[in-house]
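Novice: Sequence:
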Amino acid sequence: MRRRRVAEQLLEVLMSSVNGNLVPPELGWELFGYFVEDELWRGKGFRVLLKACRICEPEKTRMALRGEFR
-17 MRRRRVAEQL LEVLMSSVNG NLVPPELGWE LFGYFVEDEL WRGKGFRVLL KACRICEPEK
43 TRMALRGEFR
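The letter at position 26 of the sequence shown is residue 8 when you use our numbering, and the numbering goes up by one with no holes.
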């Protein structure tokens, strides 16, 4: 359950970022596939989401992983 909550926070970080254009299109499409399948909080989907967030918002990503992002 915790990973699902963190994934929701990471998705919020990603969707609210003004730096979303830094995420490569291939990674964005891969992320979209996991989103559609409701797999962002599991294994590979979580890793792809984390990678995209680290690209565009590294500090907010660290905060979300520590549970400090609201």
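Warning: the hint list may mix true and false statements.
Said to hold, decoys possible - Each computed EDC-like pair below joins lysine to aspartate or glutamate, with the alpha-carbon atoms no more than 20 Å apart:
#, residue 1, residue 2
1, K26, E50
2, K33, E19
3, K26, E(-6)
4, K26, E12
5, K33, E50
6, K26, E(-10)
7, K33, E12
To be verified - Pairwise CB distance ranges (calculated):
#, residue 1, residue 2, range
8, R(-13), V18, 28 to 34 Å
9, V18, R(-15), 26 to 32 Å
10, F14, R(-15), 28 to 34 Å
11, V0, G25, 25 to 31 Å
12, G10, E(-10), 25 to 31 Å
These aren't lab readings, by the way, just hints derived from the structure by calculation.
Where is the CB? At the ideal position from N, CA and C, for every residue including glycine.
Novice: Under the criterion that the straight-line Cα-Cα distance not exceed 20 Å, is the pair K26, E(-10) satisfied?
Specialist: Status holds; Cα separation ~15 Å.
Novice: If you check the beta carbons of V0 and G25, does the distance land in 25 to 31 Å?
Specialist: holds (29 Å)
Novice: Can you tell me whether the CB distance of R(-13) to V18 sits inside 28 to 34 Å?
Specialist: violated (20 Å)
Novice: Tell me if the straight-line CA distance from K26 to E(-6) falls inside 20 Å.
Specialist: holds (18 Å)
Novice: Check the hint pairing K33 with E50 against an upper bound of 20 Å on the C-alpha distance.
Specialist: holds (19 Å)
Novice: Would the pair K26 and E12 pass a check requiring their Cα atoms to be no farther apart than 20 Å?
Specialist: holds (10 Å)
Novice: Check the following: the C-beta atoms of F14 and R(-15) are separated by a distance inside 28 to 34 Å.
Specialist: violated (20 Å)
Novice: So the hint says 26 to 32 Å: do the beta-carbon atoms of V18 and R(-15) match that?
Specialist: Since V18 and R(-15) have Cβ atoms about 19 Å apart, the given range 26 to 32 Å is violated.
Novice: Quick one: are G10 and E(-10) within 25 to 31 Å, going by C-beta?
Specialist: violated (18 Å)
Novice: Could you grab the alpha-carbon distance between K33 and E19 and see if it respects the 20 Å cut-off?
Specialist: holds (18 Å)
Novice: Hey, K26 versus E50, does the alpha-carbon distance stay inside 20 Å?
Specialist: Violated - the C-alpha atoms of E50 and K26 are around 23 Å apart, more than 20 Å.
Novice: Would you mind confirming whether the straight-line C-alpha gap from K33 to E12 stays at or under 20 Å?
Specialist: holds (11 Å)
Checked against the numbered hints given earlier, this structure breaks hints 1, 8, 9, 10, 12; the rest are met.
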